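Which chain is which? The protein sequence lines are W and L, in order. To convert a position in the first sequence, counted from 1, into the working numbering, add 207. To convert a position in the second sequence, counted from 1, into the working numbering, add 31.
Just so you know, the hints here were simulated from the structure itself, not pulled from any lab data. Predicted, not measured: the structure shown is a model, and the values here were computed from it. Not one of these hints is a red herring.
Heads up, incomplete: computed chain W residues facing chain L, CB under 10 Å, no partners named: (1) Gly-711; (2) Arg-715; (3) Met-720; (4) Arg-721.
Just so it is clear, CB atoms sit at the ideal spot from N, CA and C, and this is done for glycine as well.
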Amino acid sequence: MIWVQLTVVGVAIGAIYALAGMGLVLTYKATGIFNFAYGGIAMLVAYMYWQMRSQWHWPLVIAAPIALLVVGPGIGVLLERVVFRPLERRGASTPEKLVATLGVFLLCLGLAFKIWTGIVRQGSRIVSGRSLQFGGNVRLGFDQLFVLVFTLVVCVLLWMLFSRTHIGTEIRAVVDRRELAELSAIDANRVARISWALGCGLAGATGVLLASGSPLDPYHFTLLVVEAFSVAVVARLVSLPVAVAAGVLLLGVLQSLLSRVDFGHVPFTGIHFSHGWTQALNSLKGANISAFILVVALIVDRRLDDVGGGSSTTGLVSRTMGGRARARSRSGWVVPALVGAAAVLLPFFIDTITLPYAQITVALAITFTSIVCITGFAGQITLFQAVVAGFGAFIAARVNISLGVPVLVAIPIGGLAATLLGIATGFPALKRRGLFLGLTTLAVGLFVHSFVFDNQIFAGGAQGIRANRPGLFGLSFDSPRSFYWFELVVAGLMLLLARNLRSGRLGRVLAAMRDSDTAARSIGVDLRAYKLFIFGASSFIAGVGGCLLAEQARVFNAVTGYDLFTSLFWFVVVIVAGVGSIGGSTTSSTSTGSRSCWSRSAPCSSGICPARPSSAC
Amino acid sequence: MTDGVDPLRVEEVSVSFGGLRALDDVSLRVPAGGIIGLIGPNGAGKTTLFNAVTGAVDPVRGAVWLFGQDVTRWAPHNRARLGVGRTFQRLELFGSLTVKENLVVAAESHAGRGGLLSDLLALPASIETRAAAEERATAVLAELGLDGHADAVAGELPTGLSRLVELGRALCTEPRLLLLDEPSSGLRAQESRKLADYLRDTRERRGTSALVVEHDMAFVLGLCDYVYVLDFGRLLAEGTPAEIRRDPAVQAAYLGEDTETHAGSAAGG
Ligand SMILES: Nc1ncnc2c1ncn2[C@@H]1O[C@H](COP(=O)(O)OP(=O)(O)O)[C@@H](O)[C@H]1O
Ligand SMILES: [Mg+2]
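Next up, chain L with everything else stripped away, as it sits in the complex (with noise of 0.2 Å):
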């Protein structure tokens, strides 16, 4: 937690899809050890900040940096290399693979590459990984309390359960950064606490960080240290949980947009 390189820093990046200006002039920080919260209306630009942090979309400027290296110009499995794991909002599991086999395929990803012919011809090297990689995914299934749906096929999972696979499956990286694009909608309440728990439980145990998207803001304000908020594609404000849930601008802009939706949890965190 004290080491000095931030995992995540992002500089003065701008994203354009054509003629929209997604992202503009955007820059934030993950400190090592760090929760960091990121908010904002719908179509603020979060999960296109998120997509320019692993690569998906090419900034038009600025500079994307993890554990202290410049990734912009990156590939994007060389950056989740670096130990990048990440979530989607709109769900991206291996839908034809078991629940297991989506941690295994990640674990396996993450324990050894190249072997491909070694693969192809079956050869030991191959099998011992693969049984490494087993048990990791049998480790973090328990952990997420998944032991249940192991064999279940991924893509027949209903939204809350595929959140936590998707989230196991991030894990089987051994990220020392996730990225977890709204991780909480369509989980019930108590689930959502356990989450939360379980995400502080990490960073004690492994020193992982993270940035959280999150429409929920009791949850956000009540996990993350710090919060970026995000509307239009700029940064509107940034400060501690206390700091933004008094900042007019934030109101204003967020709540003035979701009033229904989460005027009563934010009231409430």
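Looking at chain W on its own, in the form it has when it is part of the complex (with noise of 0.2 Å):
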């Protein structure tokens, strides 16, 4: 009977999902804009129904509608005015879209540690908590019902309106195809807009729906975004029928029945695991099941690009990022070697205090080159940098561990674990540019999170893994100052490396890639060879600085850092500061290195800065 219950449960959770994938996938469609603000979106509009219900006391009558039809809706049209009209009309691409989504969603977190705190909440029900009792005892719950119901009435209303209304046709129009709508006499701002509130509204009620009666925090859907993407990719990003199939069966009912096999027991078998694995891959089903959907479908399933559309790559980096053709000076030395000299001497102006600030400022700059090297220099987006850094770190600290590897062996072993990943993310991403290749890493990102870095097993739970300073010929680099030193020589090898990759025979072929494959191809390239081989050279820098950043800190520790979040973060960050340059990413880890200095006072930031500065430097 109990199976009977979870799959009530995981109908109903499911449905909520579809909801999401919905949203996602028409606002995606009719814009080509690829919604990473949707989870922040939905944690605002179910803090605003709190708000209305739990603070204000509210009828239901009035809190719910203006919740799912007016805040959600609204926002997706202040944030089509505001943002992406704008963005659109001055031609922006890819990237510079991708990065404004994401600075919706930290606005969106800001807002709400603003107003709300980062207390964790009970979300308010959107009905009561009763349930109706069936034959046996199996329950169903009138927030799953209305769940339930509720599902099927939007169904119904997005189907009217693509199929009944004129608005709906245009929507689809501009679906099937964008340049041909754009010069028929469609008002591509109208459908714009419109696509914008229902994604949002669809945003919103998925998370009203979501907290009905469950914690809320800022951080709460932060990943809903990736659920909701899952959900749309089994679904091919086109059948809405097939989205609300796959949120049910594949999120809602298999996590749900997941939850309750322990694995200890293989059933019909009689097998027992020993008890570490037991445990391993009970920790596992707590795991993001739409991580391993979205990597298997995102791998397997070729097409996916056609539906991306011709989302043009070319010109994206270099209109944001600047050209390589102008960045030639003679003087180019000058500025760099006095922030070297800065740089090197600045112990001698700090206290210990602020030292580890330097510190971090140091690796991050490392990591966030690593950034710049594939994204700025090939063109190539990359959403998971900072789970590299962490897969390197944790290698790292693992062989120093458990095998004894001296510090300085292990660091360069963090590296090439992290550039192996890197070549594995880039295998299946060979076929893919702009968005689709992001949102791949994206999804590798997060099933090494779940996989590995939540794994008891290897990861070390939630102290994590000792991370220890290195030492040469009896000399440690223990002490703040000294492992400040040995930081910025480690950065000036990375920074060589990464000046390889932009200058030469090399950095031409990148820049060659990144404005034109199909021309770089004509000339014999082999384009494969080169996106595998910049996958693992940036992964190579990621991974050495993600050991410095455990090694500031002393402790390996996934749950502090090295997630998708920080990814997001670093992402964008460093095409903000200009990602064209490699100063880029020293001033942009700097200003972040910096600002982790309020880290403290400023829940926000906690999750931004993998590597709080350890007390004992």
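Put the complex together from the two separate chains, hints included.
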């Protein structure tokens, strides 16, 4: 009977994810913008609803329509008018739009923290918590029933909108052939506005339903976008009915059933695993199953690119980030030399309380450089760089602790492990470009985070793994200053690598690949080799940077960072700082590093900087 | 010019985009040292044929032979390395690189492969390749009269110059077969004539064969030894320029479509 009960729960949750998937796809298909702020908007609307119900004690019949029909769609209309229409008008590139949605997401988080603080609240119920009792002990909650009916109604309304109304036809026309629709008399702004309103309205509905009677905090829906997206991917971004089915079956029912399987006992066979493995497998049950679905779907399903449309990767980076042709001046070494000298001398001018932030800054500069290399030089969008860095740190700490490999050797090993992860990701990503490449990396990142970092067997659970600082010939780089200088040496080496990636033949080929992969092939460039290469090389740099971040904190702990949120944030920072140059990565890491100075008081940034400076420094 | 192997043979190739049959059972041949024309109205499938030859699209049927090898299943870059250079109708320059860098990157790609690690660590071997490539690029720039624009950013050039840069880039890979997609569109009449002379000259000196897609009938009929006419994805006619000029089917289909723009030049050619 428990299985029937779990299926009922699963169907309800799955239906909510299906709604989320529909909203995400709708906006994406009609406007070409993949809304990373999706979860943030859901969270804001859920908070608004909570505010109206639990704080102001407004009646349901007023609060619910306001939340679902006014707040959510209103946010959508506002975003379209204020953010995305101007971007569209000046022909913004895919990464720019991506960064804009990420920016909106951070804004949502900031707003929520400002207004409602980080305290976990109990989300307001949309219907009573009572339930119907069926034969045996299967119960159907009123809220579950409501979700099912609500989903059904939304589906019917959407169907009517698309098949019966004029604006629906227009949206479909835009979705089918954007270029053609622009030629005909369709008002693109109106279509965009309505799609944003619908998309954000569905986001809000998802938020309110998911938070109904459950805990609610600002971070709560961070990854909703991934769950929604995995539904959408399975539905091939086109079919609404499939989206519903996928949400219901895969995310809802499967996850709900999985949560009850005891891996210590394999059904029907009587096999028992040893205790350690049982624990590890059981800890996977909590893992996000959508990560798994996403990875599989994105790797297996080649045709997804067609759906993604020819969202031009070409010119995307060159426009945002400035060509490399300009950046050649004779006095080019002066500024780096000055910055370098200042960096070396820095410890003499600041106290030991502040020095850890300088240490973080240097380590971050290395990881940011890795993003500059792959996105700036080669035009590949990657959204999992923090996970790559974490993977490097994790492997380095593991071989150091478990195998006794000296730290100085463990760091390159960590870097190489990250390289392998990068190449392994680059491989399925070979055929993908632009946004879909980014999403593939996101899926891999989520996968690694849930199945490696969150796994007790590998990553040492909540305490993490100790990350020792290096030494050489009896010389220890353990003290704050010596570790800082050690970091500077490593950073110097990594910047040299990055420079070779930018200048000379490699730089030219990568830029060629970024500007036009068709033409690059036509002159005999093996794109696959270069793509894998740049994935590997940038991952190496990220991995080494991750090692330093962990050693700075003296612990590798995946709970405090190295996750997708950090990855997305890093991506935003680097793009905003100007990804075309190595200087950009240095500037941005400095500001991020110094911002973490006040991270102790601002909860919002706690997830941003992976390694809070360890007080032991 | 006398070596027996045809640089290009296209055998009964068909290409489909969804329901649209962009090429239907097309066969053609570029003999060694030949300059062959390919004409037809917009949407006839000329660019698609180039794409099938270079590997940018996969034919549903048929075979592509380059220099005596069946390359139908080969990756694009491997076909290019056999000695096929191409220009694009919709320009595909490396917009953030300078004109010279556009050519250097092609020459380097031709000169050596592998050596990724050597490049990453900036080893001497990579630096030598670079010197040779720069030399080649400089020479080609001079030949095309582009020396004045060597340091211009490619993405900011006007169309006519861009076409020449694309040609220069293709030449830097020392191709034995050139595929030129509307090379004279955007050029002035005098520049077109210079381009035609240059192609003839390249054939004389290096034995480079070419397949040229062109709208400008005068250009094609003046330059090419032999001409194929495509219409709605099918071969409508083939023959020497004189034969093509007389062919009633060609006049009906091709001139009927583009009378305003091209009748004058066709009559003049
Ligand atoms: N990538 C593509 N996807 C769908 N249709 C295409 C594609 N490329 C070309 N076509 C179609 O194939 C036909 C032939 O196009 P093309 O080869 O560009 O013609 P031409 O170069 O002779 O003007 C046209 O109808 C065009 O719309
Ligand atoms: Mg064409």
